[in-house]
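Once you have looked at the hints, place chain B on chain A.
One-letter residues, chain by chain:
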Amino acid sequence: MKSAGIGHSGMSGAMGAKLNVTGPSQGLYLVIAKTSRPDEIISRAGGKIAMRFTGEKLLAVLPFNGFMTLRADSRISKIGPVNLDTQRLKTLTNSLAKTVAAQQPVHF
Amino acid sequence: MASVGQELLAVPLPEMVMKLGLGIAEAQRALDENSVDTASLLAETTVPLVMAVTQTIAADGTVSFTSSDPIDVSLLQIGLMPTFYQFSEATIEVTMDIKTTSSRETNIKVSAAAKVGFACFSASVNTEVSHNRKFGKEVHGTSRLMTKMVPVPPPPRIAPELTVVDNRPAKETPDNT
Numbered sequence: 001m002k003s004a005g006i007g008h009s010g011m012s013g014a015m016g017a018k019l020n021v022t023g024p025s026q027g028l029y030l031v032i033a034k035t036s037r038p039d040e041i042i043s044r045a046g047g048k049i050a051m052r053f054t055g056e057k058l059l060a061v062l063p064f065n066g067f068m069t070l071r072a073d074s075r076i077s078k079i080g081p082v083n084l085d086t087q088r089l090k091t092l093t094n095s096l097a098k099t100v101a102a103q104q105p106v107h108f
Numbered sequence: 109m110a111s112v113g114q115e116l117l118a119v120p121l122p123e124m125v126m127k128l129g130l131g132i133a134e135a136q137r138a139l140d141e142n143s144v145d146t147a148s149l150l151a152e153t154t155v156p157l158v159m160a161v162t163q164t165i166a167a168d169g170t171v172s173f174t175s176s177d178p179i180d181v182s183l184l185q186i187g188l189m190p191t192f193y194q195f196s197e198a199t200i201e202v203t204m205d206i207k208t209t210s211s212r213e214t215n216i217k218v219s220a221a222a223k224v225g226f227a228c229f230s231a232s233v234n235t236e237v238s239h240n241r242k243f244g245k246e247v248h249g250t251s252r253l254m255t256k257m258v259p260v261p262p263p264p265r266i267a268p269e270l271t272v273v274d275n276r277p278a279k280e281t282p283d284n285t
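So the sequence lines, in the order shown, correspond to chains A and B.
Residue 10 in my numbering is what sits at position 10 of the first sequence, and the numbering runs on without skipping anything.
So my numbering is basically just the index in the second sequence, starting at one, shifted up by 108.
Hint data in this document are derived by calculation from the structure and do not stem from the laboratory.
Here the structure is a predicted model, which means the values were calculated and not measured.
Using N, Cα and C, we set each Cβ at its ideal position, and we do this for glycine too.
Please note that the accuracy of each hint is not assured.
Straight line, CA to CA, 27 angstroms or less: simulated BS3-like cross-link-like pairs of lysine-lysine [what the hints assert, rightly or not]: (1) B:256 - A:18; (2) A:78 - B:256; (3) A:57 - A:34.
So these bits of chain A aren't anywhere near chain B, every CB distance computed over 12 angstroms [stated by the list, open to error]: (4) 10; (5) 14; (6) 39; (7) 41; (8) 84; (9) 85; (10) 94.
Taking beta-carbon pairs under 10 angstroms as the criterion, some of the chain A residues facing chain B (in silico) [unchecked claim]: (11) 24; (12) 25; (13) 27; (14) 48; (15) 49; (16) 53; (17) 57; (18) 59; (19) 61; (20) 81; (21) 82; (22) 83; (23) 90; (24) 96.
Just chain A, same shape as in the assembly (with noise of 0.2 angstroms):
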């Protein structure tokens, strides 16, 4: 877990409040960006592309701050904390494919 000097308002300052938010080391992020190819805003606050749907719309995994950075960034349209349910993969693929499966020639 690391520290994040994020979340400051102005309540906080005058109560002279000191804040602190934690969070998991790294993540799997949903990244819209308002501008195309997005990759130096995503590579600037430490993150790697995972998988790229459009040229505004990807999959990067960032570390806590990374996120909380990218949150800020008017050039960020969206960002949303996911994650992989293998199970429910597992079963889309496994019921797609012997549907799909049954349509192909198969040659041995």
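Below, chain B without anything else, positioned relative to chain A:
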């Protein structure tokens, strides 16, 4: 002067608990909204999924591959889920450092004077007593609010279930002819 016990009673603990609770409820709603937004985006985003690849080895040993037509499935369907968080713990710590001092000072000043003169005698005694009582109080207080969030499984019905309805006629076999 208020006693230490009264000072402690003056800590607005119920108010702090109430505000912490309301803050958590508001934060939980924001977190859920964020997760639902993410789920919506995951449902809207589709990826082409190739479900079958056929490898063909020809008689001359050449190998070729043919893949089935890709099927568009949403990210939610392939198991990419928004992470849902839930507040699991909240702690309020109030630390008070109360220091009270009390001091009493009494000053007595006595002066006497006598005068003897012609057929006259006078004497006087002056006494000055002064009491000083000093009270001092220092109160230092710190409060610490701590909340803990844990990821929780998404609602079970967040993604549609895939049901395969196969309407192809059953192949004729020696058993069912």
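Cross-check of the supplied hints:
1. In summary, the hint linking residue 256 of chain B to residue 18 of chain A is supported, as the alpha carbons are separated by about 17 angstroms, within the 27 angstroms threshold.
2. A threshold of 27 angstroms between alpha carbons decides the hint, and for residue 78 of chain A with residue 256 of chain B the separation of about 24 angstroms falls inside it, so the pair holds.
3. For a cut-off of 27 angstroms, the pair hint linking residue 57 of chain A to residue 34 of chain A stands: about 9 angstroms separates their Cα positions.
4. Non-interface call for residue 10 of chain A relative to chain B: holds, since the shortest CB-CB distance, roughly 16 angstroms, exceeds 12 angstroms.
5. Look at residue 14 of chain A: its CB is around 15 angstroms from the nearest CB on chain B, clear of 12 angstroms, so calling it non-interface holds up.
6. A cut-off of 12 angstroms between C-beta atoms confirms that residue 39 of chain A is not in contact with chain B; the least separation is 18 angstroms.
7. The non-interface label for residue 41 of chain A is consistent with chain B: the shortest C-beta to C-beta separation is roughly 18 angstroms, beyond 12 angstroms.
8. A cut-off of 12 angstroms between C-beta atoms contradicts the statement that residue 84 of chain A is not in contact with chain B; the least separation is 6 angstroms.
9. The beta carbon of residue 85 of chain A sits about 4 angstroms from the closest Cβ of chain B, which is not more than 12 angstroms, so the claim that it is off the interface is violated.
10. Distance to chain B contradicts residue 94 of chain A as a non-interface residue, since its nearest Cβ pair spans about 10 angstroms, not more than 12 angstroms.
11. Taking 10 angstroms as the C-beta contact cut-off toward chain B, the hint placing residue 24 of chain A at the interface holds, the least distance being around 9 angstroms.
12. Checking residue 25 of chain A against chain B: minimum C-beta separation of about 14 angstroms lies over 10 angstroms; hint violated.
13. Annotation: residue 27 of chain A was flagged as interfacial toward chain B, and the flag holds, the nearest CB pair being 8 angstroms apart, inside 10 angstroms.
14. Restraint check, residue 48 of chain A versus chain B: the minimum CB separation of about 17 angstroms is more than 10 angstroms; hint violated.
15. For residue 49 of chain A, the interface hint is violated, the least distance from its beta-carbon to any beta-carbon of chain B being 15 angstroms, above 10 angstroms.
16. Interface restraint check for residue 53 of chain A: the shortest CB-CB distance to chain B comes to about 6 angstroms, inside 10 angstroms, so the restraint holds.
17. Hint status for residue 57 of chain A relative to chain B: holds, with the closest Cβ pair at about 6 angstroms, below 10 angstroms.
18. The interface hint given for residue 59 of chain A is met, as the beta carbon of that residue sits about 8 angstroms from the closest beta carbon of chain B, less than 10 angstroms.
19. Because the smallest distance between the Cβ of residue 61 of chain A and any Cβ of chain B comes to about 13 angstroms, over 10 angstroms, the interface hint for this residue is violated.
20. Hint status for residue 81 of chain A relative to chain B: holds, with the closest Cβ pair at about 4 angstroms, below 10 angstroms.
21. Hint status for residue 82 of chain A relative to chain B: holds, with the closest Cβ pair at about 5 angstroms, below 10 angstroms.
22. Of the supplied interface hints, the one on residue 83 of chain A holds, with its beta-carbon coming within about 5 angstroms of a beta-carbon of chain B, less than 10 angstroms.
23. Restraint check, residue 90 of chain A versus chain B: the minimum CB separation of about 8 angstroms is within 10 angstroms; hint holds.
24. The restraint placing residue 96 of chain A at the interface with chain B holds, with a minimum CB-CB distance near 5 angstroms, inside the 10 angstroms limit.
In terms of the numbered hints stated before, the structure departs from hints 8, 9, 10, 12, 14, 15 and 19, listed from lowest to highest.
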